[in-house]
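Participant: If you read the protein sequences in the order shown, they are chains A and B. Heads up: the first sequence begins at 1 in the UniProt record's numbering, then just goes up one per residue. Heads up: the second sequence begins at 1 in the UniProt record's numbering, then just goes up one per residue.
I should point out that these hints are in silico values taken from the structure, not numbers from a laboratory. We put the beta carbon where it would ideally sit given N, CA and C, even for glycine.
Below are the EDC-like pairs computed for lysine to aspartate or glutamate, each with C-alpha atoms no more than 20 Å apart in a straight line:
1) A/225 to B/38
2) A/225 to B/40
3) A/263 to A/252
4) A/263 to B/40
5) A/39 to A/149
6) A/65 to B/162
7) A/263 to A/229
8) A/173 to A/216
9) A/225 to A/254
10) A/264 to A/252
11) A/300 to A/229
12) B/260 to B/201
Counterexamples of contact, computed for chain B against chain A with all Cβ distances above 12 Å:
13) 13
14) 17
15) 132
16) 146
17) 148
18) 152
19) 263
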Amino acid sequence: MKISRFLAALAALALSTFTASAMDVATARGPVAVATMPKTVAVYDIAAIDTLARLGVQPAGVPEKLYLPELDPVQKGAAAVGTLFEPDLEALSALAPDLVIVGSRSAAKADMTAKVAPTLDMTIDGDDLVAEAKRRLATYGDLFGRAEEAKAAAAELDAGLAAARAAVAGKGKALIVMTNGPKVSIYGPGSRFGWVHAALDLPAAVGEVEAATHGEAVSFEFIRKADPDWLLVLDRAAAVGSNEQAARVTLDNELVAGTTAWKKGQVVYLPAPDFYISAGGVQSLGRVLATITEAFAAAK
Amino acid sequence: MPAVSRPLPWTALTAGLALAALFVASLAVGVGPMPLGDPEAMHLLAVSRLPRTLAAVLSGAGLAVAGLIMQTLSRNRFVEPSTAGTAQSAELGILLVTLLFPAAALWLKTLVAGGAALAGTAIFLATAHRLPPQQPFLVPLFGIVYGGVIGAVATFAAWQADLLQFLSVWTNGELSGVLRGRYELLWIAALMVGLAMLVADRLTIMALGREASVGLGIDHARMMQIGLVIVSVVTALTVVVVGMIPFVGLAVPNIVSRLKGDNVRGTLGWVAAGGAGLVLACDIAGRLIRYPYEIPAGTVMGVVGGAVFLWLLFRRGGHG
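Okay, chain A solo, but in the shape it has when bound (with noise of 0.2 Å):
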């Protein structure tokens, strides 16, 4: 693994004898110094991907499989190279990249693709998801000499996040819920959906949830009992699949019911593959503020 590592930053070092410049690239497991400009690029992360559209770059290799409609183009413009989880590495190899970024589920394949091509792992995760991504798409920027874009797109993000924290003010306590088929388990503070609270100021309905990536089982009752003013509601089968009506028909019970933000209205569906698969891309995350912005605008 170690020399992989090192091989990797070698053949980093090589490329950037032959192009003009090279930078250090601050990634998830440190910084890596990679050469500007790349011209062939493969991308294992959908957030990653999200935000390089957004800057309008467009990369020579993507998993077979985006789970963003809006990523239908760049899927279009691009060979596939195997799955999130399971490079195709002869796919990869006959591309030739000369670069590859990984991230979140794809992370752990880095070290298999770092022997095809230098490798970052551009992994976003949820401890301080807003300011990380806003690293990541200036190291984009940066990157592929698109500095410009990538300052539009942050002070875009910045905007969606101050028109989500005010429409969020004084409106009351929300609680994140995911549902699975049949069943439910709710995020707080400190978890992989904790950003939502920290990024906007939003008081949760449960203050202790302790920081597990899969989030805590409960019951119906909890729901009912945390009664929470808002519901801000993952659908995990409507991330891979279609829509959001398996979590409505979960929710909908006569404890639900009883809560605050079912007999508002106040429930909030995030949408699922923006919010569940991509999130930290720029473009994923203006469409989660902006769901979240319109929903609590609405309240009266």
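Start from chain A and add chain B according to the hints.
Facilitator: Structure of chain B alone, referenced to chain A:
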């Protein structure tokens, strides 16, 4: 025949009291406040606590009886729905119906799961009968491999369709989603236990093998079908409504037969009660260990079942 051990009335009484205590405890444990007489609390009881408790009782009793019947029909102590392909077939059935008709109603899912469980169990039993009876461990071994193959097919299909985490809803039994209106299908499992009571004597004879039971005037093929239907329907219902709870069908019939012998009429009630009590206890524990959050009953059962299994292996005695 004076040797037939007639259970002392007070043993049954103690067991009944223990089950009743678990039942009441299950009603009392939960996140919401439960002061007696308060109308809000009564509503909570009717909507959430009672359905959940009944679901645990029905699925536990059903699975334990299904295990007993599978063990009788395969003439082997070490098989049960979750180790012999029945549960995996049911999961595969649900997965297929989810892939083909995502909006299918629960009863349709149950129907498909039941059909798949029936087919899967039939193949298991047909094959189990061809294995040499002098090597009793071949049957469970075959069951585990067979269940593993079907489970692998389901996993592969789910993987391809990005439904792996959706599949986990059924592979790990959990009662947190049970509410009024969402468990009633399980009453059919109670009907199946009733059916098993009706044919209990014939099941006992089936345990003697095909030749012996035919010689004693049993319609062997018909009994096999009835047993298969009971096992498949119970398993499919449990998988659809709460998910698979392992070990119940293995541990409970084994313990009961250690204590009470192999007469199905005599043991069936004990097996049903034992299964109900075990699942209830696991669900209560799952609700208390990380209160107010939950641990799935299937996970608790995995731990408890492992311990029981070791106890069965190491402690010889009773009727054994």
